[in-house]
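Colleague: Each chain sits in its own coordinate frame; assemble them with the hints.
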Amino acid sequence: MFNNVDLVETFTELIRRASTQLPAEVTDAIERGRAREVDGSMAQKALDTILVNITKAGEKSAPLCQDTGTPVVWIKYPVGVSTKRLKEDFTAAVHRATELKYLRPNAVNTLTGMNTGNGAGRGIPCIHFEEWDEPGLDVRMILKGGGSENVGIQYKLPDSRLEAGRNLEGVRRAVLDAVVQAQGKGCAPGVLGVCIGGDRVSAYEHSKEQLLRPLGDTNMDSDLAALEERLLQETNELGIGPMGFGGKTTILAVKLGVLDRLPACYFVTVTYMCWADRRAFARINQEGAISWLS
Amino acid sequence: MAELKLPISEKEIRSLVVGQFVHLSGRMITGRDAAHTWLMQEYRAEVAPYLKDTVIYHCGPVVNQKDDGSWEFVAAGPTTSIREEPYQADVIARYGLRGVIGKGGMGPMTLAGLERSGAVYLHAIGGAAQVLAEAIPRVEKVFMLEEFGVPEALWVIHVDLFPVVVSMDSHGVSLHDAVEADSKAKLKELIASKA
Ligand code: SF4
Numbered sequence: 203m204f205n206n207v208d209l210v211e212t213f214t215e216l217i218r219r220a221s222t223q224l225p226a227e228v229t230d231a232i233e234r235g236r237a238r239e240v241d242g243s244m245a246q247k248a249l250d251t252i253l254v255n256i257t258k259a260g261e262k263s264a265p266l267c268q269d270t271g272t273p274v275v276w277i278k279y280p281v282g283v284s285t286k287r288l289k290e291d292f293t294a295a296v297h298r299a300t301e302l303k304y305l306r307p308n309a310v311n312t313l314t315g316m317n318t319g320n321g322a323g324r325g326i327p328c329i330h331f332e333e334w335d336e337p338g339l340d341v342r343m344i345l346k347g348g349g350s351e352n353v354g355i356q357y358k359l360p361d362s363r364l365e366a367g368r369n370l371e372g373v374r375r376a377v378l379d380a381v382v383q384a385q386g387k388g389c390a391p392g393v394l395g396v397c398i399g400g401d402r403v404s405a406y407e408h409s410k411e412q413l414l415r416p417l418g419d420t421n422m423d424s425d426l427a428a429l430e431e432r433l434l435q436e437t438n439e440l441g442i443g444p445m446g447f448g449g450k451t452t453i454l455a456v457k458l459g460v461l462d463r464l465p466a467c468y469f470v471t472v473t474y475m476c477w478a479d480r481r482a483f484a485r486i487n488q489e490g491a492i493s494w495l496s
Numbered sequence: 023m024a025e026l027k028l029p030i031s032e033k034e035i036r037s038l039v040v041g042q043f044v045h046l047s048g049r050m051i052t053g054r055d056a057a058h059t060w061l062m063q064e065y066r067a068e069v070a071p072y073l074k075d076t077v078i079y080h081c082g083p084v085v086n087q088k089d090d091g092s093w094e095f096v097a098a099g100p101t102t103s104i105r106e107e108p109y110q111a112d113v114i115a116r117y118g119l120r121g122v123i124g125k126g127g128m129g130p131m132t133l134a135g136l137e138r139s140g141a142v143y144l145h146a147i148g149g150a151a152q153v154l155a156e157a158i159p160r161v162e163k164v165f166m167l168e169e170f171g172v173p174e175a176l177w178v179i180h181v182d183l184f185p186v187v188v189s190m191d192s193h194g195v196s197l198h199d200a201v202e203a204d205s206k207a208k209l210k211e212l213i214a215s216k217a
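In order, the protein sequences belong to chains A and B.
The first sequence begins at 203 in my numbering and counts up by one.
The second sequence begins at 23 in my numbering and counts up by one.
Where hints are given, some of them may not hold.
[Said to hold, decoys possible] Taking beta-carbon pairs under 8 Å as the criterion, some of the chain A residues facing chain B (in silico):
#, residue
1, Gly349
2, Lys387
3, Glu436
4, Gly446
Bear in mind the hints are in silico, worked out from the structure with no lab data behind them.
Where a beta carbon is used, it is the ideal one built from N, C-alpha and C, also for glycine.
Looking at chain B on its own, in the form it has when it is part of the complex (with noise of 0.2 Å):
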């Protein structure tokens, strides 16, 4: 399995293809609906540097601060990203993302804009949270904990090893539109050869 390092290239991203599986390491962010709203309302120059060639991750993390005051991720899997699908496109072109992680993969206009971006989508596994806890080793900062709480923060976060799949890439592929054609042809196949 291939490993990346974060900060990325386009380069190396356009390199990448739908079913690998590759090990991500380096710094990324969180940010979820409430986030991706908020980074579309204005450019947000104090967050820029912490999205720009790295991948923001769909993730509503369980939290614990320690008693030094730092934070460390208890539970963290991807939630769906198909909410953020009006905004993704356009987040990616306006940051300079090079990628999102998340789960059940995004429709069209995301699929363009990674194509036009060179960016992608790497699935990761649903419901892993201590799997993907494990995987991130450091919090670095938070923004706008107080305004979303804890699961729709935008946590600056450093991940080693973290496990993903390509299942969109900056070629125009999704892995999800061929499962989804595939099934609904079985589905007519099933349906057709009644009992």
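The following block holds chain A by itself, in its conformation from the complex (with noise of 0.2 Å):
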């Protein structure tokens, strides 16, 4: 099954994309920030240098950020495609794009501090694959950059510095103080991907998995939609602003999801996006047709 496909050039393709171009949205996004923001201050400024660069990447062609994190993919594929060869072509992409500069070579050796040189390495690309009914392929993409990779946290409720128990209003004070940690050093304005329960490893998946969803959808769930909403205004209310320069959009989305979890657990596992909000989707069918979907 998808033989006569060059998947590796389509991955390529989908890396470019996610790389250059920045959803539509997440600029609408900033440009609605910056009209917020006092004439002259250092925030407008700073969004002004951004979407400047948004304008310039797109041109050109090239990077928004010369981080260009970690590809972190999700495969949609039917019965009877190897995963395996999926994994390999991926990979192939990672390598090819790299070489191209749509990727910088970002996959150091752990213990040596050596870079592999070719994008890829152990875990890098991560891939999760799931199986389903379609006859075509869903590929979903984010680049997940560093600086804000490092400012992602996980809580365990209660917390008794927060007084924060085991319910919603726990999981507010959590968001609220995972921004409030992260100040302006995930390259705020963000986007958050929120996982309450799960365990510690489905969580931060399922919390990078909300950010797929449009930055402007509505949680299917009227209790998490009113969350999301609140959070959005609550965290814009801390002042942190563009780079945490001060300012009042510190945060473009916030995106509840929720895991089952065990009675002994509750988790709040918050990852943040940075403005590089950078994401290409794709379907691919057994022709190997490729309709673009972001």
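Modeller: And the structure:
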């Protein structure tokens, strides 16, 4: 299956798109933030620079940010497709995209400190597979930058410092605290992907998966939808602002997801995505026709 | 917006205050984690002239080698500075640096070092890799490329109107401390006002 499709080429193009073009909804959100900031403020100048940068990267087909991040990928595939081959092809695409400078050589041997040189390494790219009933492939990727990854955080409720219990009020406190801890270090304004519940591993993955949602969508769960909206407003009242310069634009969207948990555990896991909220989505049908979803 | 020429004097640096936008022009050098450790292991006489009276940029660039062997920066935004907190004040004092460019700000050791040595912390716009790469028209040379790889090597670069904000000055003032204190106070308020 997919034998007549050059998947390496398709995945390379997916990476190029993500690295060089910011989704229009993200640019729009940054523009709305800019309009709210005081004229001539540091916050506004920071957002201006970011907006010029977005235009230039698109025009030149060059990386938006020099930290081209970890490719984190979710692939849905039909019965009978080899995930081993998909992984090989995606890894080959990472090599190619690195040669073409859409990606920086971004994988380092943890023990020796040596750069692998080709963008790939143990655990990089990070690919999640899921079989589905459709005949085609659905590929969704984010490029997750390191500065923002470093400010991701996992809380274990109850948390006595925050007086946060095992309920949505506790979740609210944890998320607000995460943003205060991050300050501007995750290249604010950012997008928050949050997982309520799960275990220590599944929760981080699920929090990242929230970043695939459109910025403006509404959570299907009405309580979570209300909390998302409230957190969006409150995080922007913290005054941290773009780059932590102070200002009104700290967070562009908050996306909450839920996994079930063990009776003993209640994690709140926050993934912080920087303003360079790079993603690209594609559908590939059996004949190899590609539709870009982003 | 003021334009500052590199190399720069201590007097000029001490005249800068938190919140100012400045444009840098002249020669500077990049260096991040590996570079800072290496600079402190022993005195690196070969690099010292490229550090004196200029600034070190915390940056791991994407670099392209042209057919004639010369280099160009393709993408070059700042990286998180706080990782250099254990070394920064010493590197500044030892090599006579006048400043640091990075993102996210730095801690109390660096702030004290800036005051002592007459240097500033300049915040570049995180992620603005294209805007900043365009402000770097020339790469003069590179140190430790083989050993450290492209992102970690020390690149001697020439900048033209490179935009930054003074976020920690040589008078003990840090914008980051102020924003953090305000946001913590606001957090307390928000938590107190439950549903
Ligand atoms: S946090 Fe994001 S925008 Fe900032 S340097 Fe890293 S990848 Fe780039």
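Colleague: Taking the hints in turn, state whether each one holds.
Modeller: Right, here's what the structure says about each hint:
A hinted interface residue such as Gly349 of chain A counts as satisfied when its beta carbon comes closer than 8 Å to some beta carbon of chain B; here the least separation is about 5 Å, so the hint holds. Interface restraint check: Lys387 of chain A against chain B, minimum CB-CB distance 4 Å, threshold 8 Å, status holds. The criterion of a C-beta within 8 Å of any C-beta in chain B is met by Glu436 of chain A, whose closest approach is roughly 5 Å, and the hint holds. Interface hint at Gly446 of chain A: satisfied, since its Cβ lies 6 Å from the closest Cβ of chain B, which is below the 8 Å cut-off.
The structure is consistent with each of the numbered hints, conforming to all of them.
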